[in-house]
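Protein chains in written order, with my numbering: chain A, 146 to 262; chain B, 793 to 904.
Honestly, the hints are just simulated from the structure, not real lab data. Cβ atoms here follow ideal geometry from the backbone N, Cα and C, with glycine treated the same way. Hints are not guaranteed to be accurate.
[Stated by the list, open to error] Computed footprint of chain A on chain B; a stretch qualifies when at least three of its residues, placed anywhere within it, have a C-beta under 8 Å from a C-beta of chain A:
no.	stretch
1	803-817
2	892-902
[Said to hold, decoys possible] Part of the chain B face toward chain A, derived, beta carbon under 10 Å:
no.	residue
3	G851
4	F881
5	P883
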Amino acid sequence: SAVISQKPSRDICQRGTSLTIQCQVDSQVTMMFWYRQQPGQSLTLIATANQGSEATYESGFVIDKFPISRPNLTFSTLTVSNMSPEDSSIYLCSVVIMTSGRTDTQYFGPGTRLTVL
Amino acid sequence: GESVGLHLPTLSVQEGDNSIINCAYSNSASDYFIWYKQESGKGPQFIIDIRSNMDKRQGQRVTVLLNKTVKHLSLQIAATQPGDSAVYFCPVPRTNAGKSTFGDGTTLTVKP
Numbered sequence: 146s147a148v149i150s151q152k153p154s155r156d157i158c159q160r161g162t163s164l165t166i167q168c169q170v171d172s173q174v175t176m177m178f179w180y181r182q183q184p185g186q187s188l189t190l191i192a193t194a195n196q197g198s199e200a201t202y203e204s205g206f207v208i209d210k211f212p213i214s215r216p217n218l219t220f221s222t223l224t225v226s227n228m229s230p231e232d233s234s235i236y237l238c239s240v241v242i243m244t245s246g247r248t249d250t251q252y253f254g255p256g257t258r259l260t261v262l
Numbered sequence: 793g794e795s796v797g798l799h800l801p802t803l804s805v806q807e808g809d810n811s812i813i814n815c816a817y818s819n820s821a822s823d824y825f826i827w828y829k830q831e832s833g834k835g836p837q838f839i840i841d842i843r844s845n846m847d848k849r850q851g852q853r854v855t856v857l858l859n860k861t862v863k864h865l866s867l868q869i870a871a872t873q874p875g876d877s878a879v880y881f882c883p884v885p886r887t888n889a890g891k892s893t894f895g896d897g898t899t900l901t902v903k904p
C-alpha cells in the first residue's frame, strides 16, 4: 500500500483567489490522479498528473482552472484557480500501486476540504 | 461506456446484524474489482479486492462475492459495528489502471 498525505486538510477561501493543494506519497509511484468530490456526490476524476509532462485532463476540466504540477514520482500539486462557490468540494489525490500478483490497486489520500465563500 | 450501479443508495442495519451491499457493472471486460469505504471527512479506503478468476474472497469480517454471469458484486459485512457506518463504493476500472469510474455509493448506517 501507500501512505498519502495532503496539505492543507481543509481551507476556507474567498471568491476569486487560488489555492494550491499538495500531495505527498511515501514511495515512488508512476500513476497519480486528482479527483473532486462535491458535497454528497461521488468522485469525479479531474486529471492524471504526469511526471515530467503536462497533466492529462478529463472532459470538463481545463488546465487554466486546475493547473497541476508533478515534479517527481512522489509529489504533485493541484491548484484551484479563480475560485467560485461552485468549487467547494473535497479534492483527493490518488495513486496506483502495483501489488502482489501484478495487480494495480488504487489508493486515496485523506482529501482537502475546500469551502469557497 | 461503463456504468456502475449500486442497488440501494442507503442501507440501515442494527448493530450486530450482517450487512450486504450490492453493486452491478456493465463492462464484461472488467477483471479486477475493489470495494472502498469512505467515512465522513476522509478519503476512500481500500477494503477488499477480487479478481475475475475468483467468485469469493474473504477478509476480516468482510466477504466479497462476484457473479460474472450477471455482472454483480456484493460486499458482506459480518456483525456490523458502528464503525462500519460509511459510504461504500465499488468503482469499475476503465482500461487504464487507476482511472476508475465511481458510482454514487451506498451509505451504510449502523443503529446501536
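Hint by hint, here is what the structure shows:
no.: 1; hint: 803-817; verdict: violated (count 0)
no.: 2; hint: 892-902; verdict: holds (count 5)
no.: 3; hint: G851; verdict: violated (14 Å)
no.: 4; hint: F881; verdict: holds (7 Å)
no.: 5; hint: P883; verdict: holds (8 Å)
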